[in-house]
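**Student:** Sequence:
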Amino acid sequence: MPEPGHETKLLLDDLRKVYPGLPVLDGVTFDVAPGEFVSVIGPSGCGKSTLFNVIAGLERPDSGRVLVDGDDATGHVEPFAYMPQQDLLFPWRTVLDNTTLGLEVAGMSRRAARERARPLFAEFGLDGFESAHPYELSGGMRQRAALLRTVVQDRAVLLLDEPFGALDSLTRTDMQTWLDGVRGRFGWTVLLITHDIREAVFLSDRVVVLGPRPTRVQREVTVDLPRPRDIGLITSAEFAAIEEELLTVLRDRSR
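In this note's numbering, the protein residues as written are 198 to 452.
Hints should not be assumed to be uniformly reliable.
To be verified - Pair by pair, the computed Cβ-Cβ distance ranges are:
| id | residue 1 | residue 2 | range |
| --- | --- | --- | --- |
| 1 | Arg-382 | Arg-308 | 32 to 40 Å |
| 2 | Pro-288 | Pro-423 | 34 to 42 Å |
| 3 | Thr-368 | Leu-422 | 37 to 45 Å |
| 4 | Asp-266 | Ala-319 | 41 to 49 Å |
| 5 | Glu-327 | Ile-431 | 28 to 36 Å |
| 6 | Arg-308 | Leu-422 | 26 to 34 Å |
| 7 | Ser-241 | Phe-287 | 24 to 32 Å |
| 8 | Ala-434 | Gly-381 | 21 to 29 Å |
| 9 | Glu-327 | Thr-445 | 27 to 35 Å |
| 10 | Val-302 | Leu-430 | 36 to 44 Å |
| 11 | Ala-438 | Asp-324 | 19 to 27 Å |
| 12 | Gly-378 | Asp-269 | 28 to 36 Å |
The set of hints was computed from the structure by calculation and includes no laboratory data.
Please read all numbers here as calculations on a predicted model, not as lab measurements.
Backbone N, C-alpha and C define an ideal beta-carbon position, used for all residues, glycine too.
Taking the hints into account, I'd like the entire structure generated from these sequences.
**Tutor:** The following block contains the structure:
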């Protein structure tokens, strides 16, 4: 639980989830402060995706709560904008109309949705591609379009599920640097799932390490590194020390 006086945007309070014969979440508890970027890492199959589904309101926990700004949001999708690993852009819609899809589904007119999304295109490196179709974009541009579609919904918390996992190494590095910069300018509250420890350290203010299934929080590691983050930071002794601490926790299966 957060300390008294600690401002909290998102609080996961003792989340538990059991499928028939398969316990997955075993009392997961941590918080995310307003404007904070927190990454979740853990061994393969530990329950990270289940945790995200519970947070996003796609599944209900067997017990425990999801709180947003102190209000119970368990089972509710409204406070969250969820970006999956695949960009899921519709090939028959223009890039602009792909970015407005969530707004239109929520009931906003296409015209109003376009007016909200269009000003963000320059910030997202998509200026001039409003009328293009997804097949005309590079992998990185497609992911920026998918993220624009996510943030334009103006939800309280962004949930990013391995958003750069399908990209090549160079594009992924470029996207991480870009995301760090644009997140800082907009002040988003972000929760990221990633299997990439280096990505977690590079992007995060704090990293939450989950243990094997049934999973619970093993450690929370603060990333006290300057922002904006530069790719040269990964060669520093400070970066390496945080990376090694996370690796040590992941390797220790006896916890």
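**Student:** Determine for every hint whether it applies to the structure shown.
**Tutor:** Against the structure, the hints come out as follows:
| no. | hint | result |
| --- | --- | --- |
| 1 | Arg-382 - Arg-308: 32 to 40 Å | 27 Å, violated |
| 2 | Pro-288 - Pro-423: 34 to 42 Å | 41 Å, holds |
| 3 | Thr-368 - Leu-422: 37 to 45 Å | 23 Å, violated |
| 4 | Asp-266 - Ala-319: 41 to 49 Å | 31 Å, violated |
| 5 | Glu-327 - Ile-431: 28 to 36 Å | 35 Å, holds |
| 6 | Arg-308 - Leu-422: 26 to 34 Å | 43 Å, violated |
| 7 | Ser-241 - Phe-287: 24 to 32 Å | 30 Å, holds |
| 8 | Ala-434 - Gly-381: 21 to 29 Å | 24 Å, holds |
| 9 | Glu-327 - Thr-445: 27 to 35 Å | 47 Å, violated |
| 10 | Val-302 - Leu-430: 36 to 44 Å | 39 Å, holds |
| 11 | Ala-438 - Asp-324: 19 to 27 Å | 40 Å, violated |
| 12 | Gly-378 - Asp-269: 28 to 36 Å | 34 Å, holds |
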